[in-house]
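J.: Each chain, written out:
2 protein chains.
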Amino acid sequence: MKFRIIHKSTSGKARVGEIETAHGSFKTPVFMPVGTQGSVKAVSPDDLLDADVEIILANTYHLYLRPGHKIIENLGGLHQFMNWHGPILTDSGGFQVYSLSKLRSITERGVTFQSHIDGSKHLIGPEEAMEIQKALGADIIMAFDECAPYPSDYEYVLNSVRLTTLWSRRCLEYKTNDAQALFGIVQGGMYNDLREMSARELVRMDFDGYALGGLSVGEDRETRSRVINESRDFLPEHKPIYLMGVGTPEDLIESVMLGIDMFDCVMPTRNARNGTLFTKKGKLAIKNSRYINDHRPVDEHCQCYTCSNYSRAYLRHLFMSRELLSYRLNTIHNIYYYTHLMEEIRQAILKDNFSDYRKNFYEFQTGENISG
Amino acid sequence: MKFRIIHKSTSGKARVGEIETAHGSFKTPVFMPVGTQGSVKAVSPDDLLDADVEIILANTYHLYLRPGHKIIENLGGLHQFMNWHGPILTDSGGFQVYSLSKLRSITERGVTFQSHIDGSKHLIGPEEAMEIQKALGADIIMAFDECAPYPSDYEYVLNSVRLTTLWSRRCLEYKTNDAQALFGIVQGGMYNDLREMSARELVRMDFDGYALGGLSVGEDRETRSRVINESRDFLPEHKPIYLMGVGTPEDLIESVMLGIDMFDCVMPTRNARNGTLFTKKGKLAIKNSRYINDHRPVDEHCQCYTCSNYSRAYLRHLFMSRELLSYRLNTIHNIYYYTHLMEEIRQAILKDNFSDYRKNFYEFQTGENISG
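Residue numbers (my numbering), protein chains in the order written: chain A, 1 to 372; chain B, 1001 to 1372.
Simulated from the structure, these hints should not be mistaken for laboratory data.
On a predicted model such as this, the values are computed, not experimentally measured, just so you know.
Take the hints with a grain of salt, since some may be wrong.
As the list claims (entries may be wrong) - Here are the simulated DSSO-like pairs of lysine-lysine, each with C-alpha atoms no more than 27 Å apart in a straight line:
1. B/LYS1281 <-> A/LYS287
2. A/LYS41 <-> B/LYS1008
3. A/LYS287 <-> A/LYS2
4. B/LYS1287 <-> B/LYS1027
5. A/LYS121 <-> B/LYS1239
6. A/LYS102 <-> A/LYS121
7. A/LYS41 <-> B/LYS1041
8. A/LYS70 <-> B/LYS1351
9. B/LYS1239 <-> B/LYS1287
10. B/LYS1239 <-> B/LYS1027
11. A/LYS351 <-> A/LYS41
12. B/LYS1287 <-> B/LYS1013
13. B/LYS1070 <-> B/LYS1121
14. B/LYS1175 <-> A/LYS287
15. B/LYS1041 <-> A/LYS287
16. B/LYS1280 <-> B/LYS1070
17. A/LYS13 <-> A/LYS287
18. B/LYS1013 <-> B/LYS1027
19. B/LYS1287 <-> B/LYS1041
20. B/LYS1239 <-> B/LYS1008
21. B/LYS1287 <-> B/LYS1008
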């Protein structure tokens, strides 16, 4: 993997870069739609390409449990399996072990947990996380971390940082495949000195990139911004920085300003399935009865497949009638909104007017259930 | 609407024809996928075009109740509303009033029933059925009929034929729009003399085409074949004949042989969502564990989008994981199977070897859960 910075903002930490992987390159800051089980929910790989998606994320934990990483490896790896031939990032499974599984016990060896699907017992440690991710064959893989719940006391988070450092070193030692870039994950909860400790320890090991983990777990926005801002300063300029699991369009804009290069979040896809659509003017709840006769597209500024072909009235009808096409058309729109938000952000940084762009973005927002 | 016969089978009643409508023409025998609520479940109009679909069916009863025919009319009609610009046929609502609604009472005026969605009370008679279908704007519309339950005694079915004749005449009298072809629906249950009566009365009124209704309601296959065969003889050669709500691939082949030109059925789409896929060798239940490692497409003879891009192993994984993409990919395959079955049937008739084709079709079938 190669990362180069194309342009740094003259004010603030925002920058535009390019990452080259074994399956193609993409510009940063970038948003990665989430394909948890080897499918970005409700859409096909062709829909993703049409929406200008360049990289997607898949979840190690889910694919390990079903269908199993060995099966995917035997079928030619995840790219081949799911028919997505662009870059893929897989997470390490650490966050899902924390958020989805039951009865876990954590030792230096790894985490023992019960499957959320059938209750079967499993152990994933750093070696297993690397073995699984090697079998899946993603272009960017993540070191196995321990994500502390929020809130957690200082002692718990200190131990979580200690484990994350230990496990990250073992991931680096296990890694043998140069076609896969390996990122370390900074933990440390909301404690600045622990974030610093975690970041410094990982940076000494020289990962291909660094992620900020343990955020978007319930903390308020101000706390999150503080942690991002402070953590960022302990990480090298010349490596890509990935903020995991964040977030809203506003989160993306604010985090790019703090120097973040990569994002993933279920927000565009999950909101789409709930009938919440993103537009330049704000969020639109498609089930609202005001749209029953509305011949206009979701967003008159949008060029996506959905906005080019379907009215709000039809999308409302599909949603109210629980037609499966509803989920796909809504998801296409929301993903397109996110990829084009990132494209606009990159253009603004390149033209050195990102702070103007940010101001305009907020001025355009007129609130929920917009009518035009 | 224009119908011309291109070629008649030298043995049997099968024929190839062409129907020209206000939204384009298509060859017969034809299969129409069902878009009940203004969407063929799980797929988009582009998916239908890619699967070589030429005409779809939509349900008057459903669209009347939600979103309402006036709303669709105000939005430019059903073609515009759902972004399908090819031919559409709408049924009359008669069958759904019989199969879906509660507490109906039938008089010469029409049928009073309660909505299956919200329990609200409605009256649909022949005039309403025509008004609704005029507002929807389909290319082929159906006269309002009374579909007798099965089994029904002779007296009930006699009255049902009497009502259907009365209502069909009122539909013809109401009709003013020449861009919409109007088909009459033959009723008469499983009684040959009542089928004859119904057919003769409708033929005297000179509809643009004739449908056989009241079949696929629980009767056995032999009874159905008998009724189709006998009814067909009372209907004119030079008009298209449409067998409503039928059926399996075998049903289509057998019915084409009896002189049927048009079909609709939820079978390919509903089966797709249940994970049952059609292949040249028979039905394949994608959830079967034998496919967990199977890199082959569903059907190695199939050129559809699904078979061109995805393995049985991936389709099984999507289905087991309840991913929405599963329903779309399965539906695309099954619809393609049906459209290409019809294309093969037409080619066989044109080459005068339909009976060989039919024999080969059955010889290829090796039963469920095929492995290769």
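J.: For every hint, state whether the structure bears it out.
T.: Verification of the supplied hints:
no. : hint                    : result
1   : B/LYS1281 <-> A/LYS287  : 44 Å, violated
2   : A/LYS41 <-> B/LYS1008   : 48 Å, violated
3   : A/LYS287 <-> A/LYS2     : 45 Å, violated
4   : B/LYS1287 <-> B/LYS1027 : 35 Å, violated
5   : A/LYS121 <-> B/LYS1239  : 66 Å, violated
6   : A/LYS102 <-> A/LYS121   : 10 Å, holds
7   : A/LYS41 <-> B/LYS1041   : 17 Å, holds
8   : A/LYS70 <-> B/LYS1351   : 50 Å, violated
9   : B/LYS1239 <-> B/LYS1287 : 43 Å, violated
10  : B/LYS1239 <-> B/LYS1027 : 14 Å, holds
11  : A/LYS351 <-> A/LYS41    : 35 Å, violated
12  : B/LYS1287 <-> B/LYS1013 : 40 Å, violated
13  : B/LYS1070 <-> B/LYS1121 : 18 Å, holds
14  : B/LYS1175 <-> A/LYS287  : 35 Å, violated
15  : B/LYS1041 <-> A/LYS287  : 19 Å, holds
16  : B/LYS1280 <-> B/LYS1070 : 43 Å, violated
17  : A/LYS13 <-> A/LYS287    : 40 Å, violated
18  : B/LYS1013 <-> B/LYS1027 : 16 Å, holds
19  : B/LYS1287 <-> B/LYS1041 : 20 Å, holds
20  : B/LYS1239 <-> B/LYS1008 : 13 Å, holds
21  : B/LYS1287 <-> B/LYS1008 : 42 Å, violated
Hint check: violations occur at hints 1, 2, 3, 4, 5, 8, 9, 11, 12, 14, 16, 17, 21; the rest are consistent with the structure.
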